[in-house]
Amino acid sequence: MSIAARIDDLCVSFGRREILHQVSFDIQAGGITVLAGRSGSGKTTLLRALNRLNETFPHCRTSGWVELDLGQGLEPVYPAPGAAVRSLALLRSRVGMVFQTPNVLPVSVERNLVLPLAVVAGLPEAECRHRAENALKSVALWSEVKDRLSMNADRLSGGQQQRLCLARALALEPAMLLLDEPTASLDVHATAEIEDLLLQLARQYPLVVVTHHPQQAVRLGDRLIVMADGHVRQQFERGSIDADTLARVLAGAGADSPEAAPACLPG
Amino acid sequence: MRCSLFSQAWLRWLLRCCALVPCIAVFFLLAFLLYKGLPQLGVPLFFDDVPPLDALLGRRPVWDGLWPACAGTLYLVGLTLALALFPGVGCGLYLAEFASPHQAAHIRLVMDVLAGTPSIVMGLFGFTLILFLRHSFAPGANTSLLLAACCLALLILPVLVTATCEALEAVPGSLRLTGTALGFTRRQLARRLLLPAAAPGIWGGIILAMGRAAEDTAVIMLTGVVANAGLPAGLGDKFEALPFSIFYTAAQYQDTNELLRGFGAALVLLLLSSFLLLCARRMEVRFRRRWQGVS
Chain A
1 MSIAARIDDL
11 CVSFGRREIL
21 HQVSFDIQAG
31 GITVLAGRSG
41 SGKTTLLRAL
51 NRLNETFPHC
61 RTSGWVELDL
71 GQGLEPVYPA
81 PGAAVRSLAL
91 LRSRVGMVFQ
101 TPNVLPVSVE
111 RNLVLPLAVV
121 AGLPEAECRH
131 RAENALKSVA
141 LWSEVKDRLS
151 MNADRLSGGQ
161 QQRLCLARAL
171 ALEPAMLLLD
181 EPTASLDVHA
191 TAEIEDLLLQ
201 LARQYPLVVV
211 THHPQQAVRL
221 GDRLIVMADG
231 HVRQQFERGS
241 IDADTLARVL
251 AGAGADSPEA
261 APACLPG
Chain B
1 MRCSLFSQAW
11 LRWLLRCCAL
21 VPCIAVFFLL
31 AFLLYKGLPQ
41 LGVPLFFDDV
51 PPLDALLGRR
61 PVWDGLWPAC
71 AGTLYLVGLT
81 LALALFPGVG
91 CGLYLAEFAS
101 PHQAAHIRLV
111 MDVLAGTPSI
121 VMGLFGFTLI
131 LFLRHSFAPG
141 ANTSLLLAAC
151 CLALLILPVL
161 VTATCEALEA
171 VPGSLRLTGT
181 ALGFTRRQLA
191 RRLLLPAAAP
201 GIWGGIILAM
211 GRAAEDTAVI
221 MLTGVVANAG
231 LPAGLGDKFE
241 ALPFSIFYTA
251 AQYQDTNELL
261 RGFGAALVLL
271 LLSSFLLLCA
281 RRMEVRFRRR
291 WQGVS
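Chains as they are written, first to last, in this note's numbering: chain A, 1 to 267; chain B, 1 to 295.
These are computed hints drawn from the structure, not numbers from a lab.
Keep in mind it's a predicted model, so treat the numbers as computed, not measured.
Built from N, CA and C at the ideal position, the CB exists for glycine as well.
Please note that a few of the clues may not be correct.
Unchecked claim - To give an idea of the interface, some chain A residues facing chain B are shown, with a C-beta separation under 10 Å as derived from the structure:
#	residue
1	Leu53
2	Ala89
3	Phe99
The shape of chain B in the complex, shown without the other chains:
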């Protein structure tokens, strides 16, 4: 009895330590980033010596600030989500609601392979695709924002599919039965009851996918990002992005000031990701309230 109590207490302490490890790691990471990056935050970090309004409106290019990289990251994340959202959620819905067990097994295998593909391989795939296009159908094809977004979309697709599928599978069976008994068709049931009921889980997947798209460097490095391109001019042009700016600064810095600006960029990326996360959370709450009709 005493031995059992001792082992229970020991297990509780062990688990408490396990829970503390990520908390401490995040605390030190944030503290370090804030300590190094916070003093760097300011108008010059973003716009250098260009007046902010001129830079924001694109009247004057910014060559030595983070603004083009911030804009490039936002464009990239937006375009990636636009490309991956519909197929990702659609595939998850099909997998959970409509696929036969045989089809589901095949789709899950494909998703597992895709999820296990390293991002550098995805980047190489994009790069090879451009080489193939240049030598075949489109001699003018080049690495660009669109190509990077396509490759990133492939990278985040399994996250969206799995999150949607798991969220739908977690919807209680009684809700399906109730909707069916009320006379909902299968399509109405999926669209008007199951998807909204599974929305928190799906939004969770979207937030994860957004974070992944915002921070990935390996894919974009081979598919269109450059250190100095200014604001993205179009889908077919090169662009700047924050994770690449951080990587480039860390690898090529000439003096301490430049390294500190790299820490500033890392903090900006963290803030930008948090901002996107907050926006997504807010949208989820608004969507849920609207569907539920709860005031």
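This is chain A alone, in the form it adopts within the complex:
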């Protein structure tokens, strides 16, 4: 199976605190890779290292090697001698990201999709609307919002907002999707909807999902990567571990350490 991302000897620190220590593993192109671990284990920092979002926070230092397949085979993400890298904006537009809390823009439902398409992808308005409609259909939101496209997006329910965020990422036609505890702020029903959606999307995109729920990790993950204290502790394939065992592994994998990711967003 082809590889969507290759991480080798990755270290990330903020100021004097090293959050990730020499992390190395590959992410397969097919299916969902779940990063599981307790709070503060470095999951979010690792996820943000893939699209270099850590660099928006002060005093961030990253070393090591990260390669992503953004459509033309594996290519380095971080500048290195002799390595040509894409611009930050281009990289981030090709790597879709969904956060823990639904981060809708304070604009209408339609504009949430059209604005990034117009600004980032530079598409004409008709094309933006067409892509927005397709993206909303692909997250099963179109039928619910097609008559309310000009409504303010923050009036949607939490689950709908999160699906809108997913649609916004998909509209930019990313090469891979990063999801940082995408159901953490949702109820059981909305969580099930999002999980079904992720399983469907996994057929088209490489997905990396962060979670600290063992049940969810087992339900979603084709591959599970257990993290603790900024290290990758163990890796499992689907079917090789159940939720109870994973819960015990997570409980035993390092003591709870302070929150690793900068505190701008929860997680």
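Take the given structure of chain A and dock chain B to it, following the hints.
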């Protein structure tokens, strides 16, 4: 326990009284102004005995009405905003988004000094500048509409900078992170997300700055306003303005009628400021709806 409840009730009443003070003050101010000024409102107050259409089109000069002062104030506010808006909002944006902490500290110090400068000093600065120009590069330089607008622009600059900076700093960090994660460049993020999201606060600053430019007398008194100039002929000419008309009438009135006309002028200035405020509010709502795409 009883003592605590008593002190809470006492504090609530005290705060209620504090809230009442400005309300009562504004009510009496408005009532007094309306009582004195409302009977004066009418065509003669603005145009004297000149037909309004002729006066509005500038066919005949108005020497004894408020129309030239109204037009002068509108020109002055418009020109001042045109001069101060871009540097003010731009400086606020730079301060909030791009400046290093060291640069930000220096700019904030400069803004604090500017904000603390009394308006009469700003007027004196303009007047001295003209004296300097007359004795050096431009012997023909004189106090004028442009000079008054420049000095007023300096006066309102800190208001615009502070309002823009505070409005941008109040934008949630999650919006920055979302835009960055979507692939917005720093410039696109500032222009397409942060500035529009901060627009209500920035418009608030613009409205405050407009009010300040419309009512200030000390600056224009030394930089180009006169009691009788007719409609402003150009940027380099003298002009009339409502706050100066009010000040002049209050200081030089010959009879009660003239004093009452001064009250009329004060009411007109209040109405004009309210009109500008309403226009700015309306523009803000239209702008916000357009950006949000909300119907």
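Next item on the list: Please name the hints from earlier in the document that this structure breaks, with their numbers sorted from lowest to highest.
Entry: Every hint satisfied by this model.
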